[in-house]
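So the protein sequences, as listed, match chains A, B, C, D, E and F.
Okay, so the first sequence: first residue is 1 according to the UniProt record's numbering, each after it adds one.
Okay, so the second sequence: first residue is 1 according to the UniProt record's numbering, each after it adds one.
Okay, so the third sequence: first residue is 1 according to the UniProt record's numbering, each after it adds one.
Okay, so the fourth sequence: first residue is 1 according to the UniProt record's numbering, each after it adds one.
Okay, so the fifth sequence: first residue is 1 according to the UniProt record's numbering, each after it adds one.
Okay, so the sixth sequence: first residue is 1 according to the UniProt record's numbering, each after it adds one.
Accuracy of the hints is not assured; some may be wrong.
Unchecked claim - Quick partial rundown of chain F residues pointing at chain A, CB under 10 Å, derived from the structure:
| # | residue |
| --- | --- |
| 1 | T19 |
| 2 | D117 |
| 3 | L228 |
| 4 | A232 |
Said to hold, decoys possible - Mimicking DSSO-like on lysine-lysine, the simulated pairs with C-alpha atoms at most 27 Å apart in a straight line are:
| # | chain 1 | residue 1 | chain 2 | residue 2 |
| --- | --- | --- | --- | --- |
| 5 | D | K54 | B | K82 |
| 6 | E | K220 | D | K21 |
| 7 | E | K220 | E | K17 |
| 8 | E | K21 | D | K17 |
| 9 | F | K220 | F | K17 |
| 10 | E | K54 | F | K220 |
| 11 | D | K82 | B | K54 |
These are computed hints drawn from the structure, not numbers from a lab.
Note that CB positions come from ideal geometry on N, CA and C, so glycine has one too.
Listed below are the residues making up each chain.
6 protein chains.
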Amino acid sequence: MTTRADGRADDELRPIKITRKWLDHPAGSVLVEFGRTRVLCAASASTGVPRWRKGSGLGWVTAEYAMLPASTNTRSDRESVKGRIGGRTHEISRLIGRSLRAVIDYEALGENTIQLDCDVLQADGGTRTAAITGAYVALADACAHLGVQAALTGSVAAVSVGIIDGVPRLDLPYEEDVRAETDMNIVMTGTGSFIEVQGTAEGAPFDRAELDALLGLGEKGCADLTRLQAEALANG
Amino acid sequence: MTTRADGRADDELRPIKITRKWLDHPAGSVLVEFGRTRVLCAASASTGVPRWRKGSGLGWVTAEYAMLPASTNTRSDRESVKGRIGGRTHEISRLIGRSLRAVIDYEALGENTIQLDCDVLQADGGTRTAAITGAYVALADACAHLGVQAALTGSVAAVSVGIIDGVPRLDLPYEEDVRAETDMNIVMTGTGSFIEVQGTAEGAPFDRAELDALLGLGEKGCADLTRLQAEALANG
Amino acid sequence: MTTRADGRADDELRPIKITRKWLDHPAGSVLVEFGRTRVLCAASASTGVPRWRKGSGLGWVTAEYAMLPASTNTRSDRESVKGRIGGRTHEISRLIGRSLRAVIDYEALGENTIQLDCDVLQADGGTRTAAITGAYVALADACAHLGVQAALTGSVAAVSVGIIDGVPRLDLPYEEDVRAETDMNIVMTGTGSFIEVQGTAEGAPFDRAELDALLGLGEKGCADLTRLQAEALANG
Amino acid sequence: MTTRADGRADDELRPIKITRKWLDHPAGSVLVEFGRTRVLCAASASTGVPRWRKGSGLGWVTAEYAMLPASTNTRSDRESVKGRIGGRTHEISRLIGRSLRAVIDYEALGENTIQLDCDVLQADGGTRTAAITGAYVALADACAHLGVQAALTGSVAAVSVGIIDGVPRLDLPYEEDVRAETDMNIVMTGTGSFIEVQGTAEGAPFDRAELDALLGLGEKGCADLTRLQAEALANG
Amino acid sequence: MTTRADGRADDELRPIKITRKWLDHPAGSVLVEFGRTRVLCAASASTGVPRWRKGSGLGWVTAEYAMLPASTNTRSDRESVKGRIGGRTHEISRLIGRSLRAVIDYEALGENTIQLDCDVLQADGGTRTAAITGAYVALADACAHLGVQAALTGSVAAVSVGIIDGVPRLDLPYEEDVRAETDMNIVMTGTGSFIEVQGTAEGAPFDRAELDALLGLGEKGCADLTRLQAEALANG
Amino acid sequence: MTTRADGRADDELRPIKITRKWLDHPAGSVLVEFGRTRVLCAASASTGVPRWRKGSGLGWVTAEYAMLPASTNTRSDRESVKGRIGGRTHEISRLIGRSLRAVIDYEALGENTIQLDCDVLQADGGTRTAAITGAYVALADACAHLGVQAALTGSVAAVSVGIIDGVPRLDLPYEEDVRAETDMNIVMTGTGSFIEVQGTAEGAPFDRAELDALLGLGEKGCADLTRLQAEALANG
C-alpha cells in the first residue's frame with residue numbers, strides 16, 4: 001500500500017482549523033485552514049437586495065473568490081491588474097454562491113443581502129472546498145448577527161477527492177492534486193445530501209466503480225467537516 | 001406516470017441531427033441539433049502551438065463557446081459589446097476544451113493547434129452537451145484533414161440529465177431544464193468511461209440513489225450519441 | 001474582355017438566397033446568402049425604448065454586426081475574448097442601423113424597439129451589404145409580428161461594387177474584393193433613392209467617370225435585390 | 001434664395017487657417033482652422049514599422065483622431081475614462097489613415113512609421129475634413145524632416161458638403177450640419193481624383209441629381225483647399 | 001555657482017503666459033504656458049451634481065488631466081487606445097481636483113458642477129503645476145459666468161521645485177526635472193498657506209535642511225504666480 | 001488638552017506588531033499590524049527583470065497594494081470585478097514601490113526582481129504607511145533569501161501624521177483620519193532622511209508652523225518604527 005507524503009490515511013482529512021471572528025468589520029468572518037491551505041472568508045451583511053429582486057420580500061446571498069498573488073507556489077498576477085477575471089475564478093465564485101444558496105431560506109432572510117468574500121491567503125490544494133466549508137460558518141455568524149438564524153435551513157461542507165496512482169484519496173494537497181488522474185469536488189449538506197458533484201478526468205477517463213469509490217470518500221469527508229463546523233459554532 | 005411535453009420516454013434523446021461540412025473554410029465543421037437546440041461547431045487547424053508549448057513536439061486543442069444574441073428566448077446582450085465574458089461562458093468553454101483534450105494524443109497531433117468554436121445559433125436546453133457532441137465530430141474531421149487520425153484516441157459525447165417532478169430524465173429541453181430540481185451534465189468516452197460529471201442541486205439537494213439513477217441515464221444517452229456520431233462520420 | 005472567375009457578367013449578382021423564419025425565437029429572422037457569403041439576420045422586438053427616448057411616443061431601431069471566428073478564410077479572434085470591439089465592426093453596425101432607420105416611421109412604430117443582429121456565419125465578400133439586405137426582410141417580418149406594418153416607409157437593399165483590373169463590377173466576392181482598386185458600398189431604397197454611398201480608393205484614386213459607372217452598377221444591383229426581397233416576403 | 005447664417009455663398013469655404021510648426025517635439029505639426037473648428041495635427045516620425053511589416057523595406061502611416069472633452073458645445077466624456085473608444089472615433093481615425101496612405105509611396109518612405117494625431121481642440125462641424133486637410137500638411141513636413149519627400153506622391157484635402165433646406169452647400173458648420181438632410185464627406189487628391197466619398201441620408205434619401213450636385217461642390221472645395229495647403233507649405 | 005541652461009536665477013520662474021477665453025464653448029478656458037510647457041485648461045459648468053450629492057444644496061468641482069500623444073519628447077500612446085488610465089494620470093487628476101476644491105465654498109456654488117479639463121498640448125516639465133495654476137483662472141471665469149463669485153474663497157497656484165546638482169531650484173523644465181535628486185510640487189493659496197506638499201527623493205534621500213530650502217523656494221514661486229493670475233483676471 | 005479616543009499621547013504610535021514568515025511560499029512575508037490595521041506584505045523573488053532592463057546587470061523592485069473587500073468598515077467592491085484599478089490604489093502602489101527602491105542598490109541585487117504585494121486584510125487608517133513599514137521587513141528577508149543582503153543600502157519606515165481639532169498627532173486611526181484637517185504621510189530612511197513627504201489640506205490650508213510640527217512628529221514616529229523593524233529582523 002502506498003502511503004501519503006504527509007502520513008495520512010487515504011480517507012483522512014488534513015488538520016482542519018476554523019477560526020471565527022478573525023476580522024472586526026464584517027458580520028461574520030472565518031479563517032479556515034485545511035493543512036497549509038488558508039482562506040479568509042468574510043460574510044458582509046447589508047440591507048436591501050439587487051434591483052431585480054426588490055420588493056419581492058426575498059433576500060440574496062452571493063460570493064466572490066480570489067487568490068492573493070503570493071498565495072501560490074509561484075506568484076500569480078493580480079486579476080485587478082490584468083483587468084479581467086479569469087475563467088477559473090468565475091467558476092469557483094459561482095460554485096461557492098450556489099452551494100451556500102442551497103441552504104438559505106430567502107423568505108426568512110428578508111430583503112437583506114449577504115456577500116461572501118473568500119480570499120485565499122495561502123494555497124496548497126482544495127482552496128474552493130476550504131472556501132465553501134469556511135464560508136458556511138461565516139454565513140451562520142452573519143445570520144445570527146442579523147437575527148435571522150431561521151434563514152439557514154442546513155449546513156454545507158465541501159471536500160476534494162481524487163485518484164492518485166490508482167488509489168482514491170480524500171482532501172488532496174497541491175502535491176497530490178497535480179498528480180491526480182481524476183479530481184472531484186463534492187459539496188454536501190450536513191444531513192448527507194449532495195449539493196454539487198464535479199468530477200474531471202485529468203488523465204485517463206474513470207469508470208463507474210472509481211466514481212462510486214470517490215463519492216463514498218466524499219461522503220465521509222463532508223461528514224467529518226460537518227462535525228468540525230458544528231464544534232466551531234458551538235464555541236461562543 | 002407523467003409524460004414529457006414532447007412525448008419522449010424518460011430515457012430517450014431528442015431528435016439528433018449531425019450535419020458535417022457546414023462551412024467551407026475550417027478544417028472541420030458541424031451543425032449539430034438536439035431537438036431545437038442548434039450549435040455550429042467549427043474546428044480550425046493551424047500549424048504551431050501557443051508559446052508555452054513551443055519546441056515540445058506536442059500539439060494543442062482549445063475551445064470557445066458563445067451564444068448568438070437572438071439564440072435565446074429573450075435576446076441576450078452580446079459579450080463583445082459588454083466588453084467582458086461572463087462566468088457561464090468561461091465555464092462552458094473550459095469544459096468543452098477539457099472534454100476534447102481527454103481523447104487527444106498530443107504527440108500524434110504534432111505541433112499543430114486545433115481551435116474549436118461552438119456558437120449556439122438557437123438555444124433550447126443542453127447547448128453545452130450538444131456543443132461537445134458536435135465538436136468531437138468536427139475535431140475528427142479536422143484530424144483527418146491534417147492526416148493525423150492517430151491523434152484521436154477515442155470519441156466523446158455528452159448529454160444532460162435531470163430530475164423533474166421527482167423523475168430522472170434524459171436530455172432536457174429548456175422547458176424541463178428550468179424546472180429541474182437537479183441538473184447534471186455527463187461527458188463520456190465512446191467506450192463508456194467518464195470524462196466529466198457535473199451535478200448541481202438547483203432546488204432540493206439530491207441523495208445517492210438519485211445520483212445513481214442520473215448516472216445510469218447519462219450512460220445510456222452517451223452510448224446512443226456515440227452511435228449517431230459514428231454513423232455521421234461513416235457517411236463520407 | 002476579362003471574365004469573372006465565377007462566370008458572371010460584370011453587372012450580375014451572385015446567386016441570392018433569402019430564407020425567412022430561420023430561427024424560432026426572434027420576431028423576424030433571415031438567413032441571407034450572396035453566393036458563399038452567409039449572414040444570419042435576427043430582428044428581436046421588445047416593448048419600450050432606450051432611456052433617452054422614453055415618453056416620446058417614438059420607437060427605435062438599432063443593429064449589431066459580428067463575424068463568427070471560423071467565418072473567415074483564416075480564423076479571426078473573437079471580439080468578446082479580446083474585450084473590445086474593433087473599428088470595422090463598429091463601423092458596419094452603425095451603417096446597418098442608419099440604413100434601416102431610413103425607412104422607419106418612428107411614430108407608427110410606437111414605443112417599441114427592434115434590435116437587429118447580423119451575424120456572419122460564412123464570409124466571402126459583401127458581408128455588410130448582405131447583412132443590410134437580409135436585415136430589411138427580418139425587420140419587415142418583425143413589424144408584421146408587432147402589427148405595425150405602417151412603420152415601414154419603404155424597403156432597403158445594399159450591394160458592393162468595385163473596379164477590378166480597370167473594370168467596374170457588381171457584387172464582389174472576397175477574391176475580387178482584395179484585388180479591387182476602388183471599392184464602394186451602396187445602400188438604396190426600393191424606389192431608387194440613395195441612403196448611403198461609401199466609396200474608397202484602395203489602390204489608385206478614381207475619377208468622376210469611374211465614380212459614375214460604379215453608381216450606375218449599384219443602382220442596377222439594388223433594383224435586382226429589391227425584387228428578390230419582395231418575392232421572399234410575398235411567400236408566406 | 002436662403003442665405004447662410006455666416007453670410008457665405010453656398011460654394012464658399014469658411015475662413016481657413018493653416019499654422020505650421022505649432023509644436024516643438026513632433027516632426028510635423030499643424031493647427032488647422034476651418035472657421036471656429038480647430039484641430040491640432042501632429043505627425044510623429046519613428047524608425048521601424050509594426051511587426052507585421054518588418055523586413056519588407058516598406059514604411060507605414062497611421063492616424064488617430066480624438067476630441068478634447070471641452071471642444072464640443074456641451075462637454076463630452078473622455079474616452080480614456082470610459083475605457084473604450086466609440087464607433088465614431090474609430091471610424092474617423094480609420095478614414096484619416098486611409099486618406100493619407102493614398103498618397104504615400106511606402107518604398108520611398110523606407111522602414112519608417114509616421115503616426116498622425118489629430119486632436120480636436122474646438123469643434124464646429126467638419127472636424128474630420130479639417131483633420132485630413134491639416135494632417136496632410138503635417139505629413140508633408142514630417143517627410144521633409146525625414147528627408148523622404150519622394151514618399152509623398154500627391155496631396156490630399158477633404159471637405160464636407162450637404163443639403164440644407166433643399167440647397168447643396170459647401171463646408172458645413174455645426175449649425176448647418178445638424179439640419180442637413182444629406183451629409184457627405186469628400187476626400188480628394190490635389191489633382192482632382194477621389195480618394196473617399198461618404199454620403200449619408202440623415203433625413204430623406206437623396207436622388208442621383210442631388211448626389212451629382214454634392215460631388216461638384218466637393219470638387220470645388222477640395223481644389224480651394226489644395227491651393228491653401230500649397231501656400232502654407234511654400235512659406236518656410 | 002552653476003547657472004541654469006536657460007539663464008534663469010535659481011529662484012526665478014520661467015516666462016509665464018496666461019491666455020483667457022481660448023475656447024468658445026466652456027464657461028472658462030485658459031491656455032497657460034510655463035516656458036515651453038503649454039496646458040489648455042477648460043472649466044465646463046453644468047447644473048446639477050453627482051447622484052451622491054443630490055439634494056444637499058452643495059456644488060461640486062472635479063478635474064481630469066491628460067497629455068496629448070505628441071506633447072512629449074517621444075510620442076506617448078493614447079490612454080483611450082490602451083483602454084485604461086495610467087497611475088500617473090490618475091494621481092495628477094486627483095491632485096488638481098483636491099487643490100481647487102480647497103478654495104471652493106460648496107454652499108455658495110449651489111447645486112452646480114464645474115468640471116476642469118487640463119490637457120497638456122506640449123510638455124516641458126511642470127505640467128501638473130501649470131495645470132493647477134491655469135485651472136484656477138478658468139475656474140474663476142466659470143464662477144463669474146455662473147454669477148457665483150462668492151463660491152471662490154481664495155486663489156490657488158502651484159509650482160515645482162527640486163535639487164539639481166545639490167542646488168535647490170524653482171520651476172524645473174524637463175531637462176532639469178530628469179536630473180533632479182529631489183523633486184517637490186507645492187500647491188498654495190494666494191495668502192501663503194499650503195494646500196498640498198509632495199516631495200520625492202528621486203536619487204538620494206533629502207535631509208530637513210534641504211526640505212526647508214525647497215519649501216522656501218516654493219513659497220516664493222507661488223507668490224509670483226498668484227500675482228500673475230491676478231493680473232490676468234484683472235484684464236477683462 | 002484633548003485626549004485621543006484610544007488614550008495614546010499625541011506623539012505615540014499605536015501598538016505595532018511585525019510577524020515575519022507568515023506565508024510559506026514567498027521569499028519574504030510579514031503580517032504587520034498598526035493597531036487594528038493589518039497588512040499582509042509578501043516579497044516574491046524571481047530571476048530576471050522586465051524587458052526594458054534586460055542585460056543591464058541591474059535588478060528591479062516593484063509593488064502592488066490592494067484592499068480585501070471586507071477589510072473596510074463597509075464592504076468595498078473588488079477592483080478585479082470592476083475591471084479597473086482605482087486612482088487611490090495606483091497612487092499607493094507607486095508610493096510603496098518608490099519608497100523601497102530608495103534603499104536598493106540595483107547592481108548588488110543583480111538581474112533579479114522582487115515583487116512586493118501589500119494586501120490590506122483589515123483597515124483602520126494608515127494602511128499605506130503600515131504597508132511600507134512591513135514591506136521593508138519582507139524585502140529584507142527576501143534579500144537575505146537571495147543572498148544579496150548588500151542590495152539593501154538602508155531601511156525604510158513610514159507613518160501618518162495629521163492635525164485633528166488643531167492638534168498635531170502621530171499615526172492616525174480611521175476615526176481620527178476622517179476628522180483630520182491636514183493629513184500627511186512621511187517616509188524616511190533609518191538614518192533620518194526623507195524619502196517622501198505628502199501633505200494634504202483636507203479642510204483648511206495649513207501654515208508653515210503646522211507643517212513643521214507635522215514633520216517633527218513624523219521624524220519621531222519613523223525613528224520608533226525603525227527600531228521595531230530592527231528588533232523584528234534580529235529575531236531569527
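- request: Answer holds if the nearest beta-carbon of chain A is closer than 10 Å to that of D117 of chain F; otherwise answer violated.
  value: holds, 5 Å
- prompt: Do the alpha carbons of K220 of chain E and K17 of chain E lie within 27 Å of each other, as the hint requires?
  reply: Status holds; Cα separation ~18 Å.
task: Under 10 Å, Cβ to Cβ, is where T19 of chain F needs to be relative to chain A, so tell me if that hint holds or is violated.
output: violated, 13 Å
- request: Double-check L228 of chain F for me: the hint is only fine if its C-beta lies closer than 10 Å to a C-beta in chain A.
  value: violated, 23 Å
- prompt: Between K82 of chain D and K54 of chain B, does the CA-CA distance stay at or below 27 Å?
  reply: Violated: K82 of chain D and K54 of chain B sit about 38 Å apart, past 27 Å.
query: Does the structure keep K54 of chain D and K82 of chain B at a Cα separation of 27 Å or less?
result: violated, 35 Å
- prompt: Within 27 Å, alpha carbon to alpha carbon, are K21 of chain E and K17 of chain D?
  reply: Holds, at roughly 19 Å.
message: Hinted pair, alpha-carbon criterion (27 Å max): K220 of chain F, K17 of chain F. Please report holds or violated.
response: holds, 18 Å
- prompt: Regarding the pair K220 of chain E and K21 of chain D, is the alpha-carbon distance no greater than 27 Å?
  reply: violated, 34 Å
- prompt: Can the restraint linking K54 of chain E and K220 of chain F be considered satisfied, given a maximum Cα separation of 27 Å?
  reply: violated, 43 Å
message: Let's test the interface hint: is any C-beta of chain A closer than 10 Å to that of A232 of chain F?
response: violated, 19 Å
When each numbered hint is compared with the structure, violations occur for hints 1, 3, 4, 5, 6, 10 and 11.
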